[in-house]
Structure formats: structure tokens, C-alpha cells
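*Asks:* Here's the letter readout for the chains.
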Amino acid sequence: MNMMTDPRESLVVIGNGMAGMRTVEEMLKLPGGKRYRITVFGAEPHVNYNRIMLSSVLAGDKSVEEIVINSREWYAENGITLITGDAVKTIDREARTVTSAAGVTVPYDKILLATGSRPLAPPIPGLGLPGTCAFRDIADVDKMLAAAKTHKRAVVIGGGLLGLEAAWGLKQRGMSVALVHLMPTLMERQLDAAAGQLLQRDLDRRGIAFFTDGQTEEITGTERVEGVQLADGRFIPADLVVLAIGIRPNIDLAKAADLDVNRGIVVTDDMRTTDADIFAVGECVEHRGSVFGLVAPIWDQAKVCAARLTGDESALFTSRALSTSLKITGVDVFSAGALMAEGESDDEITLRDDNRGLYKKIVVRDGKLVGAVMYGDVADGQWYLGLIRDKSDISEIRDKLVFGRAFAESLPAGKTGPDIASMPDDAQVCGCNGVSKGSIVCAIREKSLCSLSQVRSHTKASASCGQCTGLVEAILADTLGGAVEKKAPSICDCATAGHDEVRQAILAQGLKTMGAVRAAFNWKKAEGCHKCRPALNYYLLCAWPGEYVDDSRSRFINERVHANIQKDGTYSVVPRMWGGVTTPSELHAIASVAEKFNIPTVKVTGGQRIDLLGVKKEDLPAVWGDLNKAGLVSGHAYAKGLRTVKTCVGSEWCRFGTQDSTGLGIKLEKFCWGSWTPHKVKFAVSGCPRNCAEATIKDMGVVCVEAGYDILVGGNGGIDVRVTDPLVRVASEDEVMEYAGAFMQIYREEAHYLERTAPWIARVGIDYVKKRLVEDNEGRRALNARFVYSQKFAQDDPWAERAGGIDAHEFAKLPELADA
Amino acid sequence: MLEALTWKKIGPLANIPVRGSRRLCFGSGGKPIAVFRTGEDKIFALVDECPHKQGPLSEGIVSGNSVTCPLHNWVIGLDTGLAAEPDEGRTETIPVKLVNGEVYVGLLVERPVLERPTIERKCG
Ligand code: SRM
Ligand SMILES: Cc1cc2nc3c(=O)[nH]c(=O)nc-3n(C[C@H](O)[C@H](O)[C@H](O)COP(=O)(O)OP(=O)(O)OC[C@H]3O[C@@H](n4cnc5c(N)ncnc54)[C@H](O)[C@@H]3O)c2cc1C
Ligand code: SF4
Ligand code: FES
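Residue numbers (this note's numbering), protein chains in the order written: chain A, 1 to 820; chain B, 821 to 944.
Heads up, a few of these hints could be off.
To be verified - With a straight-line Cα cutoff of 27 angstroms, these simulated DSS-like cross-link-like pairs (lysine-lysine) come out:
| # | chain 1 | residue 1 | chain 2 | residue 2 |
| --- | --- | --- | --- | --- |
| 1 | A | K603 | B | K873 |
| 2 | A | K567 | B | K873 |
| 3 | A | K670 | A | K770 |
| 4 | A | K813 | B | K862 |
| 5 | A | K143 | B | K862 |
| 6 | B | K829 | B | K917 |
These are computed hints drawn from the structure, not numbers from a lab.
Starting from the given sequences, assemble the full structure and let the hints guide the process.
*Replies:* Right, here's the structure in full:
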């Protein structure tokens, strides 16, 4: 090789991981960056990848390819010699060479130690058995995935960030998972007891079994692991045991080379070890007594180290306050700084809402915020972190602080999240990819980016663990001068766009086909999937009444065949009984249909009508035909639309009845049936506050009183019972009808697909609904008018149409084959 | 292998809705077959039983080359019969061909299910 003749100095990087390669990347960006001939040794057989995302690979959200940071091409293009699968064994500081296990010797002028850390492995008997592994690198993940394919039961030891993400990943892969934790509560280093318990409760609900206060005594088994024996006698059977109890800086090499080591390789603010030519970064280092386990500070180290390596003698590393969060979908945890009051002068302020699983605690020390722990809603995390880092004086807003930014700074609702304007350009935004606010802003300006996905692809910000997505969007919005909004979850994996975005675009850009929508938001899958297609079909139907043609192929089977599929592939048929009232002739018709088509079950539903269960698919049209003859039409028991309007007997019969609740219920049902809505809608009308029709757990309920009618909305009796919020009291039935139409329409136009009125109102707030329906008379009438118009195209009985031959192929089988 | 197949004509492609499916049953019993037609007019056939709990795949939503089971939303590959991750399982695939507009399914003459007198799910 021409190494000897090469004028450049030789830099040997030991460790092809996140810290080492980030330092190299930073260096290449700098003017002096080209001064080295770089050789990288990596013990792992891979190019360098985003270790953070191993959790996502395990959970199946990402592939190994997707988490590669630099391809082999990249190393080649930058003239870097990459030696993988070969660990450096010795550093000879006299001869100034490093030598690898395979015997490769490379002379150096400078060394960068980035050997990371090793999983802690205490001497537990049975640890080496097949079926045991750690959670550190691709090899470990491969082991776990292999086990998940062939085995059922996993035990994870360790209830910290790693252990929990491992447990969740394995659960996602279909294993039954138990987690053993030494301490009484989870993530005790990042969370206080209260937050830890909420976390445990939620994960427990998601099917992970917890063994806290669990001291592992032995991993049992002969050929392969068979279980975990705890000191207190508890035994947990297992085919896979993952040890994730912590990490230890990987210092062996440095120690052997007589560099100062303590817990980690000791470095000064310039990232130098005790040998001025040997630098160290990442989890292997110890700086001013502390060691590191998160990338954020490591990116700062990489910057400083790169600057130093390229001759800038001023760069200094200082560790700043850190925040942790957990990468488990749907579990929002955040913590930064102190977890609890540490002395007299400290105050803890907590906020707790067990129903909604919300918990917030802040720790205040003489006028400054020193810690924050959040569970459930972490939107303000970065804001709190900022206050902690900048040691801002918060005495002014102390009492409001815990309620979050919007309240504390009394910003208009919606405008929450970090204050972008006052955020320094060098502020780290994306921890995974170490992107600063500054670089995002100039990428947006220079390349005139206008969408999150564009910013992702150009800057890598939020492209990895996604925790900072909200922040990146805020910066985007702020740079483009838009309003700062919190990102709604995307419709499905086919798209990055959220429901509201799509709905607005459909109207604003006049998108009238699913194809057009998918094109406008460049959907990943050309035809979409079973999640987005029904949603788009509904949004278009709602946006363009009478114009958009419903795509039956994008409807769930029940809505496609206008009956409810049962577990054995037969169907149920539920005709309307307006307001729960029926007649002898209707009952005759139902009875004879049941006999004629020998329908096995006839049941009174919870919705005041009759369900015929077990109808063969090919009989449906005939069954409907007969029912139609008696005037019975579809009850839409299968539809995301109006289901039932329950009523009580009311003033017509009941000695307490104040108004004709039965009559009003029938009117409402005749007015609203047939309309498609984001999710099913149920009404009820009770004749007096005794409320026998259970109006207070319906999407819209009316409770009659002497003075008129109390209209209540947003109730739900289902999975999460929610009592209605009072909307308004009106004097006449006509007003009730107008409110009903307006309420249906605002729900149709603004809720997300598959969001019932209860979660929708919980999201937007009843005050908003009042503003639109009660305070704004014009608006209410307009909404009602739009509903009345859309009903023109909705109120044809789907059963009559099909009994008459529409969609015949849906019901007829292919001509039967005689025996082959 | 192939010669063990007999090709049965089951009618014109037009009988099968685009991005849809029709169910094919056997007089003598045997598991019904779901014949699928994708958005690009590719045809596939599977035994009409989800590997999860025998849900009728012929009733599912077809997107691209997969179908989503109507009962609990498992996603099954039409070409392989395999359930998409994280679910695990496989549905038997049946050979199909299209000869000038007519759909044929390939049945193994000694396909045991055909001889079975009873059927898993009522079918007609
Ligand atoms: C038939 C019936 C049970 C009965 O025999 O009484 C029923 C049956 C089903 N309910 Fe229900 N629900 C029935 C009344 C209710 C009620 C009571 C009521 O309406 O007063 C509730 C609670 C009230 C509410 O909805 O707020 C109810 C809450 C649910 C839920 C949970 C909804 C939620 O928001 O949490 C589901 C699941 C869903 O819709 O996603 C559901 C889903 C279902 C499905 C459609 C499951 C399915 O997708 O196949 C069942 C269909 C069976 C069938 O084929 O008919 N059913 N379901 C009732 C039909 C009422 C009707 O006449 O149309
Ligand atoms: C599953 C998982 C999830 C994580 N999630 C997060 C998160 O959400 N947020 C966060 O901030 N951090 C997270 N981390 C931590 C983060 O990944 C580490 O802080 C980061 O990778 C440290 O980088 P490093 O370069 O110091 O060590 P590493 O990335 O481990 O790189 C060290 C490399 O050096 C190699 N090596 C060691 N000795 C030698 C030798 N003698 N010769 C050659 N090569 C050698 C090792 O094989 C390894 O490839 C997570 C870690 C894991 C494992
Ligand atoms: S409660 Fe409703 S969804 Fe559940 S089993 Fe009964 S009918 Fe079905
Ligand atoms: S039977 Fe198909 S998903 Fe359950």
C-alpha cells in the first residue's frame, strides 16, 4: 500500500458505531476534514447503523436496511478504509500502531476510541444457555426474532428503557412476555414511582406480565433455557431470556494501553484521553465523573471532538440537562432533570388524572425549574427541558407551570409546543440524527421544503425514532410562517398525512377521487390499504354529496353487503323499528321470514329492535324482499351511520312523561337514517329526567323537561363509558331537529374516520361544539342545511335496492362445481 | 405435479368484481375456494379460510396483492397465502389461469377435501 507515501496523517477510529462515525461525519463537514487518512475498525460485521432503532426493528416497524446510517459506498466515496468484523486487540503507544484480532496492523498519528459499552452481565447461573441474549446489537435482535418464530414464551430481565422496549417488541412479535425487574417500579432512574406505576398499568393492559421486586437467582435449563427462578421462589417458564439490566463502558482496550480509566475512559473537556493523540467519544467515556447512555450528549461530544481533531483548539464539551422518552407506540413518557424534591428548598407540583391516565410532576428550586416527569401527554416536554437547560426564572408562572405551556403563557388554545422563535439555532432538535434547529431552518429555506416528509428526507430530522416529529413540524410551520400545530397521527402506514390535512386538501384542492388524494399526498401503496381506503371513501362521500360515487370495494364487508357478518360467515339482519315502536303486522312479517328461511336465532337487541341471526348470504336479498313488503327497511345495524334512536313511552302513556319522547324519537330517526358518518351514531329520547332511554350515554340524547328539551351530546356506552355533555336547552321539537341536523353535520365534517362523537368531543372540547352550534346561529343553520342536502342522496333503502337486483354478484355464489 | 391437476372452468373474468372476490363451492362438499381479482386484473385463488379463525377471505378488502380478513383484519398475501407479520399462518393457495377471458382453477384430482362428505362452513 502507498500508506507510507501518503502525506496525510493517519486517523484510526476504533468502533464503527454511532459516536465514532458521527465524529467522522462532523469532521468531513469541517474545512480541515480531509487532512486524515481514516481507517475504521468495527467489531460488528455491519456498516454503521442507528442502534436506537433496533427497538423498531424488533417490533417490526423498521427493517435492518432502513436503519443503516452509512452504506459501504459512503465509506468508499469518502476514502475511508472500513474493516468490519475485526476487533482491535492492542494499541502500541511506543510503535504508534493498532493491531486487530485478525492481525491487521495500522500505524496511527491519532486514535479515536469509540468502543461504546457492553451489556451488564452479572454472574447469574445459566446465563450462557442457548436462548439467552442481551439487547445491544443486530446479532441480539436476530437471536430474538429467530426465537419469536419458533418459540412462545419470553422473559425480559430489566425494567429500564431497553428492557421495556425489548418486551414490547417481543410482544409485537406474538410472544407471551414476562418482565422481571429488581426494583418496585419501572424505569426508576428516569421516572418517579407514580409515573412508573402508570407505565406498568398500561403495559400490563397490553399483555406484558410484570414481576417487580424480582431478584433473578438462576436461569434454568439443560439444552436450552427453560425458565427463570426468582430468589423469592417465583418461577417463570421461558424459551427466551433477554438480559437488559444495564450497560458498562467498554474500556478494556484503553486500560490495556495504560490510559486513565475509571468507570469509563477518562476524558477532559476537549475529549482527549490522558494521551493527547488519543481521543474518545460515546458511551465508553467518562467526563467529569459522569458516563453516558443517550445519544444527545454524544452528538455534542462528536462535534467537539471533530473540531479538536481538525485543529480548532477552542471547542469544549459540557454536558447539559437531558431528557428521556420511551419508544413504545402509544405510550408517552417524558422525564428531564430531577425526579423529585431533593431538599427543603425544593417544591414538587403534581397534576394527576387517573381516568385519562395523565400524570405530570415538576420540581422547582428557588425560582427555577429543575425537573419534569410526564406521563400520558408529553407535548410540552421540550418546553420544560428548555426551561431547565436555560435555568429560566419561572417564579412569574410558577403556579400555572404544571398545567403546561398553553396555560402558563396563556397562549390561544392549540398554540402549544415549544417556542420556536426564541430557540437558539444550535439547539439540538433530532437526537437520533443530531440535527440542529439551524440546519433544519436553512434546509427549509434553501430547498424551499414545505412538508414534514421533505424535511425528513433532506435533513434526517425526525426520520429515526420520531420523538421529535412535533418539534420539527413546529419549526417547519414557524419557518413557513404558519401556525404551530401539534401533529395528528397519520391515517395509516400508507401515508404521512393526518386525517385533518387530508380532509382540508380534499375541499381546498377539489380532490374528487381516492386516486387523486393518494397522489396529492404521495401514498406509499398505490391502492392504499384496508385502513385508509374506507376512510378516504367516507371523506370523499361527505365532501361531495351527490357527486362522489361510493366505492363498495373500499367498504368493510358489513357495509358492503348491508348486514353484519357473524363468526361463522353467516349474517344478521336488523330491520328498523322506528323509535323502538313496532306493529303486529311487522312482527308477523319478521316471524314468517324467520320460518321461511329457517333463521336459527331471533333476538331482541340492546337497541330496541329485533335481530335475525344466522342468515345465509345468498338468502339475504330474498329475506330483505319479504321484509320490505311489510314496510320494514334496513336498520343499518352494520353501518357507520345512524343506528338506533331509543325512546321511552313518554307523555303518551307514562305518568311522569313531560313531552312525546316516542314521537320525537321517531321523527329524529326518520330525519337522520341512511346518512354515513365517521363512526356509528346512536340517539335516545327520554320523556323525563328519569331517563329510561339512557339518553345520557348516547351520541346525542334528548331529555324532555316541562320547560322543553335538554340536548346532550358526546355520550358513549361502549368500551369507554362517557356521559354526555349538556349542549343546550330548547323549547320546541323543531329546534331539536335543527340541532340534530347541525350536530350530525359538524360531526360528519370534522371528526376523524372511526372516531365516535365521545372521543371527538373529548378532543375538540364541548365549548368548541357550543361555539359552533349554540353561539353561532348562522353557522348552525348552514350546517343543518348541508345535512338536509346530503340526506337527499342518502335515504334510499339499501335493502330494497339489493332485493331489486343491485350488486347481485355480492350475494350469488359462482355456479357450483360438481365433484371434480 | 401439474398433470395431477385438472383445470376447471369457472366462468368469465367479468363475473369477479375488480378488487374483489367470489366464492366457489363444491357440490360434494370440500372447502370453498375464494377466487380473487386485483386492481390490475391479476387473478388468484385461496382456500376461503383465514388461517386465524377460518374467516371468509372472499369477503375481505382487496388491496394490491393482499386481502384483509373481514373478521379480525389479518392481512393475507394472495400470491403466497401467507399472513403478513406479525401474524403467522398460511392459507392453501389454489392454481388459477386465465384463458381468453375464462377463469380456470386447478384442482388436484385426488384433492382429499373434495371427497369429504361434510363441509366446514355452510355454503348453499
Ligand atoms: C345486536 C347488538 C347486541 C344485542 O344483541 O343487543 C350489538 C351487536 C354488535 N355490536 Fe353492539 N350491539 C348492540 C348494541 C350495542 C349497544 C347498546 C345500545 O346501542 O344502546 C352498545 C353500547 C352503546 C354505544 O354504542 O355507545 C354497543 C356497543 C358496541 C361497540 C362499542 C362501541 C364503542 O364506541 O365503544 C362495538 C364495537 C364497535 O362498534 O367498534 C359494537 C359492535 C357490535 C357488533 C356490530 C360487532 C361486529 O362488528 O360484528 C355486533 C354485531 C352483531 C350483529 O351481527 O348483529 N357494539 N352495542 C345490539 C344491536 C343494537 C341495534 O339494534 O342496532
Ligand atoms: C436497543 C437500544 C435502544 C436505544 N434507544 C435509545 C434512545 O431511544 N435514545 C437514545 O438517546 N439512546 C438510545 N440508545 C443508546 C444509544 O444507542 C447509544 O448511546 C449509542 O449507540 C452509543 O454510541 P457509541 O458509539 O458510544 O456505542 P455503539 O453505538 O455501541 O458503538 C460502539 C461500537 O464499537 C464496536 N467495538 C467495541 N470494541 C471494539 C474494538 N475493540 N474494536 C472494534 N470495534 C469495537 C462495537 O462493536 C460497536 O459496534 C439505545 C440503545 C439500544 C441498544
Ligand atoms: S357485546 Fe356486542 S360486540 Fe361484544 S359480543 Fe356482544 S354483541 Fe358482540
Ligand atoms: S379469522 Fe381472519 S382475522 Fe380472524
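*Asks:* Each of the hints needs a verdict: does it hold here or not?
*Replies:* Going through the hints against the structure:
At most 27 angstroms may separate the alpha-carbon atoms for a hinted pair to count; K603 of chain A and K873 of chain B meet this at roughly 25 angstroms. For the suggested pair K567 of chain A and K873 of chain B, the alpha carbons sit about 8 angstroms apart, so the restraint of at most 27 angstroms is met. About 25 angstroms separates the Cα atoms of K670 of chain A and K770 of chain A, which keeps this hinted pair within 27 angstroms; it holds. Straight-line distance between C-alpha atoms of K813 of chain A and K862 of chain B comes to about 20 angstroms, which keeps the hinted pair within the 27 angstroms bound.
Distance restraint check for K143 of chain A and K862 of chain B: the Cα-Cα separation of roughly 38 angstroms exceeds the 27 angstroms cut-off, and the hinted pair is therefore not satisfied. Straight-line distance between C-alpha atoms of K829 of chain B and K917 of chain B comes to about 9 angstroms, which keeps the hinted pair within the 27 angstroms bound.
In the structure shown, a violation is registered for the earlier hint numbered 5 alone.
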